[in-house]
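*Asks:* Residue-level listing of the chains:
There are 2 protein chains.
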Amino acid sequence: MKDIIKALEWRYAVKKFDENASLTTQQIEKIKQAFNLSASSYGLQPYELFVIQNNGIQEQISVASHGQKQPAQAAAVLVFCIKTNFSESDIEQYFELIASQRQMPLETLDGYKNFMKGVFSQKTQEEIMSWASKQVYLAMGTVLSACASLEIDSCPMEGFNPEAVDHILDLKSKNLQSVLLMPIGKRSSDDAVSQLKKVRKSQDEIITEIL
Amino acid sequence: MKDIIKALEWRYAVKKFDENASLTTQQIEKIKQAFNLSASSYGLQPYELFVIQNNGIQEQISVASHGQKQPAQAAAVLVFCIKTNFSESDIEQYFELIASQRQMPLETLDGYKNFMKGVFSQKTQEEIMSWASKQVYLAMGTVLSACASLEIDSCPMEGFNPEAVDHILDLKSKNLQSVLLMPIGKRSSDDAVSQLKKVRKSQDEIITEIL
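In order, the protein sequences belong to chains A and D.
Quick note: the first sequence uses this note's numbering, first residue 1, plus one each step.
Quick note: the second sequence uses this note's numbering, first residue 1, plus one each step.
If we strip away everything but chain A, and leave its shape as in the complex, we get:
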C-alpha cells in the first residue's frame, strides 16, 4: 500500500471512468469493511450503504445525477444512506450489540444507555437526520481514504436528485434516504482532469498551529 499522503495526493474526483474496468470481489470486500469500520457518533452507525454493480441501475442513477456520466461509467456506485426512522429502538439494539459482542451483562450498560436516550429525546426528527447525515460524510471520508490507499479511483458526489435515487432503489420503503454517491473504479486513461494540478489553499491559510 502507498504512503497515505501519497495516496491522498493520487486521489482526485474522477471525471471520466474506464468503462471496461471492474473491481475484484476482494476490493469490494475491503470497501465494505472500510465503511463498517468508520467512526460514527457514539458508534451508532445510523446509516446504510448500497454497492451497485448493475449497468441498468447505474444508468438510472446517472440520469438522476443531472446526467453526469460517472455513475454509469464506473465499475460500481456506492450510495450512502441515512436511516429516516432512527429511534429509541436503535439505541436499545445498539446496547444489545455491545453486550453480546463484549460479553457483558446488558444491565451494566443501563446508565450509559439512559444517558444516550436522554440525549436523543431532546432532538427533533430533523436534527436527528442532520446528525445522521454528518455521520455519512464522516463515513465517506473513511471510504474515500481507503479507496485511495487501495488505488481504487472514485468520485464523491453531492450533486444528484436524492428523491430520484431513493425511488430507483426503493429506499423509502426501507426507511432510508440517499445522501451521497460515490462511483468507484478506474480513471480513464484519457480523463483530462487527471492531468490537472490539484487545487488547494496553502496550508498556512487554513491551518494554525498553537504551541
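Hints are computed from structural coordinates only; laboratory data are not their basis.
Where hints are given, some of them may not hold.
Where chains are identical, the list cannot tell them apart; a pair therefore holds if satisfied intra-copy or between any two copies.
With a cut-off of at most 30 Å between alpha-carbon atoms, the simulated BS3-like pairs for lysine-lysine come out as follows [said to hold, decoys possible]:
#, residue 1, residue 2
1, 198, 6
2, 186, 32
3, 16, 113
4, 69, 117
5, 32, 198
6, 186, 6
7, 172, 69
8, 117, 6
9, 69, 15
10, 197, 113
11, 186, 15
Please build the complex by placing chain D on the supplied structure of chain A, with the hints as guidance.
*Replies:* Chain D alone, transformed into the frame defined by chain A:
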C-alpha cells in the same frame, strides 16, 4: 504503512492517552497535509484547522468538553472549524486559485464560477453553515483514516461546548466556529477500552449489494 483495513481495525476512540507521548514534526506535517488533501464540496474547503500543542489551552479545552480528559492528556488537539462568513468572495478567491495553480486565464472559468455563485445565492446562511459542517465531517474522516494509517492514536469528539472552545481560541473574531475536536497522540498502555472488542453491526445488516 499498515494495510488500510488493518489500520482502521487498529483505530479506536481512545479513552486514555499517554500523557508523556509527543508527536514528531514530521507526524504533525503529515496530519496537516491530510487535512489539506481532503475532498470537499466543489473543492471549496470552507474550513480551517487548529493544531494545538499547548498544555494550558488543552486543559481549557478539556474543561469545555464536559471535563473529558482526552484533550488535556493527548499530545495535540485538532480543532476543526467552519468559516461563518462564507460568501461570494470565497468563490471569487477559489477561482483565482484555480487559475493561478493551473495557469489558466481566469475568464475561461467564468461559466463555472457563475454557476457556482448561482448555487450558493440560493442557500441561506444557515444552509451554508450546515453544508460547511458536513465538509468538516468529511475532512475528519480523512484525517482520522490518515492518523490510523500513520499509527497515530486519536479520539473523534462531538461532545463539547463549541461556544466555550470558540472563546478559548478567539474564533469569533476570525469568523470561525468550532465543529469537531480530535485529540491525537498515543493510547495509554492501561487504557482499558483498547482491549475491548470493536462493536460493529454485521456487514449484512447495513450493506446491500445489487448486482
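*Asks:* Looking back at the hints listed earlier, which ones does the structure fail to meet?
*Replies:* Going through the list in order, the structure violates hint 8 alone and respects the others.
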